[in-house]
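So the protein sequences, as listed, match chains A and B. Under the numbering used here, the letters of the first sequence match residues 1428 to 1682, in that order. Under the numbering used here, the letters of the second sequence match residues 7 to 383, in that order.
Derived from the structure by calculation, the hints contain no laboratory data. Some hints could be false.
[To be verified] Computed list of lysine-lysine pairs in DSSO-like fashion (alpha-carbon distance at most 30 Å, straight line):
no.	chain 1	residue 1	chain 2	residue 2
1	A	Lys1672	B	Lys195
2	B	Lys350	A	Lys1519
3	B	Lys195	A	Lys1484
4	B	Lys46	B	Lys134
5	B	Lys338	B	Lys368
6	A	Lys1484	A	Lys1454
7	A	Lys1431	B	Lys195
8	A	Lys1601	A	Lys1651
9	B	Lys203	A	Lys1452
10	A	Lys1672	B	Lys379
11	A	Lys1519	B	Lys379
12	A	Lys1484	A	Lys1452
13	B	Lys195	A	Lys1454
14	A	Lys1563	A	Lys1548
15	B	Lys368	B	Lys299
16	B	Lys204	A	Lys1454
17	B	Lys136	B	Lys69
18	A	Lys1642	B	Lys379
19	A	Lys1452	B	Lys195
20	A	Lys1519	B	Lys163
21	A	Lys1672	B	Lys251
22	A	Lys1563	A	Lys1588
23	A	Lys1644	B	Lys379
24	B	Lys204	A	Lys1452
25	B	Lys329	B	Lys368
26	B	Lys163	B	Lys329
27	B	Lys165	A	Lys1484
28	B	Lys195	A	Lys1548
29	B	Lys165	A	Lys1519
30	B	Lys251	B	Lys195
31	B	Lys379	B	Lys303
32	B	Lys203	A	Lys1454
33	A	Lys1519	A	Lys1470
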Amino acid sequence: MSEKLRILIVDDDRRMANTLLDIFKVKGYLAEAAYSGAEALEKVEEGHFHSVLTDLKMPEMNGVDLYRAIKEIQPELPVVFMTAYSADDLIKEGLEEGALAVLTKPLEIDLLLSFLAALSKERSIVIVDDDPQFCKTLGDILRARGFAVTEVTYPAGLANKLGPDGQVVVLDMKFNSTSGLAILKEIREQYPQVPVILVTGYREEMAQAIEAALKVKAYACLYKPFQIEEFLQVLTEIHHRELGKVLGQFTRKRR
Amino acid sequence: MQEAREYAESIVETVRQPLLVLDADLRVISANRCFYQTFKVRPEETSGQLLYDLSNRQWDIPKLRELLEEIIPENAAFDDYEMEHEFETIGRRIMHLNARRIYRETNETQMILLAIEDVSERKRAEEKLKDHSERLEEMVKERTKELRDAQEQLVRKEKLAVLGQLAGGVGHELRNPLGVISNSVYYLKMIHPDADKKILDYLETISSEVNRSTEIVSDLLNFSRTKPAAKERIEVSELIVQVLKRHSPSEKVEVTTQVASDLPLVFVDARQIGQVLDNLVTNAYQVMPEGGKLAIKAKAEEDKVLVSFMDTGCGISQENMRKLFEPLFTTKARGMGLGLAVSKNLVEASGGSIEVESEEGKGSTFTVILPTKVVQE
Chain A
1428 MSEKLRILIV
1438 DDDRRMANTL
1448 LDIFKVKGYL
1458 AEAAYSGAEA
1468 LEKVEEGHFH
1478 SVLTDLKMPE
1488 MNGVDLYRAI
1498 KEIQPELPVV
1508 FMTAYSADDL
1518 IKEGLEEGAL
1528 AVLTKPLEID
1538 LLLSFLAALS
1548 KERSIVIVDD
1558 DPQFCKTLGD
1568 ILRARGFAVT
1578 EVTYPAGLAN
1588 KLGPDGQVVV
1598 LDMKFNSTSG
1608 LAILKEIREQ
1618 YPQVPVILVT
1628 GYREEMAQAI
1638 EAALKVKAYA
1648 CLYKPFQIEE
1658 FLQVLTEIHH
1668 RELGKVLGQF
1678 TRKRR
Chain B
7 MQEAREYAES
17 IVETVRQPLL
27 VLDADLRVIS
37 ANRCFYQTFK
47 VRPEETSGQL
57 LYDLSNRQWD
67 IPKLRELLEE
77 IIPENAAFDD
87 YEMEHEFETI
97 GRRIMHLNAR
107 RIYRETNETQ
117 MILLAIEDVS
127 ERKRAEEKLK
137 DHSERLEEMV
147 KERTKELRDA
157 QEQLVRKEKL
167 AVLGQLAGGV
177 GHELRNPLGV
187 ISNSVYYLKM
197 IHPDADKKIL
207 DYLETISSEV
217 NRSTEIVSDL
227 LNFSRTKPAA
237 KERIEVSELI
247 VQVLKRHSPS
257 EKVEVTTQVA
267 SDLPLVFVDA
277 RQIGQVLDNL
287 VTNAYQVMPE
297 GGKLAIKAKA
307 EEDKVLVSFM
317 DTGCGISQEN
327 MRKLFEPLFT
337 TKARGMGLGL
347 AVSKNLVEAS
357 GGSIEVESEE
367 GKGSTFTVIL
377 PTKVVQE
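Make the full structure from the sequences, and use the hints.
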């Protein structure tokens, strides 16, 4: 991401919001503070933020309600909760709504900063399909949305081309020389965690292979032709899950 | 004369207690009906017989001889002489004997009046009563102990509940200002990395005190058990490794671990149980400031895994043993006395239990018993 990350901090405790604001600014982020849910919502409507860090317990509009309202405006916006109350029902509610994590005050600033660093990273995608047309069309769409895209039509030695982290692999299930399942297993050997989305045009024919692939932790399987929105949503889910991991949130599979 | 004799005999006959009249040679002059009935003796084989010869010599009893031949000749009368005897015909009997020596002026002879009271039933009843009263006493004692235990439990629970509420309220409210302080210190350290050493030292002090306060708040909150246990299946060995990673002991403490290789997975809240093990390890180090040994062992027993921490510290006195898991009980100069109370709560929240054995002056062993069974809640 070349532009500076814009973070919205929401807390009715002004000192809390302001100290965080100062720290983020010094670290080179474009941070803004809001002291109520309503004020935060106005800011989200006005400007484009990359993430929202909000207190859970606030008068009038609590953090979860704010998050629900934010999702109406910008559904894919990553939201992190912070709270002083470890036993609040709001925590569960917030996580169920899809928040990345709930952090307990006092906050571990280093953890937050590594989260922001992860958020700043360019999101990169490797598309593996022997159909160059599929690679190109999907690649173009993703590039237009700011992803770094690598297209791979010959899967031999693919695992060696992947980096250690920060990538998502889009993998076709059927090749002339090999199978998607074999490639997936190869990837898993080197990178047990890298998220892999399977795509295939052969739902019935590949059913067994797909089941096997999901067992080796493929994230999801999409059937061609698929809606780009659906695909992007899966990417967002994966992104949020990876960001949650940075914040120490245990994996929750939502699909 | 005849009248007097009839008068005497009618008295003897009327008394509802076995009575015998003996002559100086201990031959039976007369006996009353009650005597015959009680001792199953036939009247026709009684009169004129030597007392000892009665009923196939069943009455030849050493104690009776002692009374009649030694005590009575000297004392003229004797009351409540207790005698126990096994009769062939009527079984074991306990008797109280009352004897009188009577001098008959008419023919200048002596007679002995012997009253034999059969107290067997009474004795048995007394024994029974004694037994009962002892049992009753025991039952009362038991009940009292139960009540006292229940009351102590109640007080403990009450203490816990009040403390829990207080902890919840205060703890949470403290986290907000602590959060602001910790942010502020972070900011200052960040923008003044080259500040005077003294200033950096002071910032570091604030930082570490905030951390300590945060830990205290967490203890308080854990203590009020505000978080339900999030159970999962995990390896005990992993928990132990993590704990030892977090606590490097002083050089003086020698730590050994002995974990059975085929342990089943336990089903507990990993974070909370990790915290319990943290507590136990911290305590173990603290009771051995001059050094010692900490042996950590894990083994399986039925559907449980037992993790024990054996230290060579000062041990725990009997008196303190009772209060060990009570909140706010501590022997440390610094500490709120929540560690073990919290640990007990956390272990119980995961469906386990915690036990302790200790010998004063030798050391203590704390054992955490964790369930392996997966329970859906």
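Results of checking the hints against the structure:
1. A:Lys1672 / B:Lys195: Answer holds: A:Lys1672 to B:Lys195 is near 27 Å, not above 30 Å.
2. B:Lys350 / A:Lys1519: Since the Cα atoms of B:Lys350 and A:Lys1519 sit roughly 25 Å apart, the hinted pair holds (cutoff 30 Å).
3. B:Lys195 / A:Lys1484: Holds. B:Lys195 to A:Lys1484 sits at ~29 Å (cutoff 30 Å).
4. B:Lys46 / B:Lys134: holds (27 Å)
5. B:Lys338 / B:Lys368: With a Cα-Cα distance of about 18 Å, the restraint between B:Lys338 and B:Lys368 holds, given a limit of 30 Å.
6. A:Lys1484 / A:Lys1454: Between A:Lys1484 and A:Lys1454 the Cα gap is close to 27 Å, so the pair holds against 30 Å.
7. A:Lys1431 / B:Lys195: With Cα atoms ~23 Å apart, A:Lys1431 and B:Lys195 stay inside 30 Å; holds.
8. A:Lys1601 / A:Lys1651: holds (12 Å)
9. B:Lys203 / A:Lys1452: holds (25 Å)
10. A:Lys1672 / B:Lys379: holds (28 Å)
11. A:Lys1519 / B:Lys379: holds (26 Å)
12. A:Lys1484 / A:Lys1452: Cα-Cα ~25 Å, so holds.
13. B:Lys195 / A:Lys1454: holds (13 Å)
14. A:Lys1563 / A:Lys1548: Roughly 23 Å between the alpha carbons, so the hint for A:Lys1563 and A:Lys1548 holds.
15. B:Lys368 / B:Lys299: Distance ~11 Å between B:Lys368 and B:Lys299 Cα, so the pair holds.
16. B:Lys204 / A:Lys1454: holds (25 Å)
17. B:Lys136 / B:Lys69: Status holds; Cα separation ~27 Å.
18. A:Lys1642 / B:Lys379: holds (25 Å)
19. A:Lys1452 / B:Lys195: holds (14 Å)
20. A:Lys1519 / B:Lys163: holds (28 Å)
21. A:Lys1672 / B:Lys251: It holds: about 21 Å lies between the C-alpha atoms, which stays within 30 Å.
22. A:Lys1563 / A:Lys1588: holds (19 Å)
23. A:Lys1644 / B:Lys379: Since the Cα atoms of A:Lys1644 and B:Lys379 sit roughly 26 Å apart, the hinted pair holds (cutoff 30 Å).
24. B:Lys204 / A:Lys1452: Measuring from Cα to Cα gives roughly 26 Å; hence the hint holds.
25. B:Lys329 / B:Lys368: holds (19 Å)
26. B:Lys163 / B:Lys329: Since the Cα atoms of B:Lys163 and B:Lys329 sit roughly 13 Å apart, the hinted pair holds (cutoff 30 Å).
27. B:Lys165 / A:Lys1484: With Cα atoms ~28 Å apart, B:Lys165 and A:Lys1484 stay inside 30 Å; holds.
28. B:Lys195 / A:Lys1548: holds (26 Å)
29. B:Lys165 / A:Lys1519: holds (29 Å)
30. B:Lys251 / B:Lys195: With a Cα-Cα distance of about 27 Å, the restraint between B:Lys251 and B:Lys195 holds, given a limit of 30 Å.
31. B:Lys379 / B:Lys303: Status holds; Cα separation ~20 Å.
32. B:Lys203 / A:Lys1454: holds (23 Å)
33. A:Lys1519 / A:Lys1470: holds (26 Å)
Violated hints are absent here; each numbered hint is respected by the structure.
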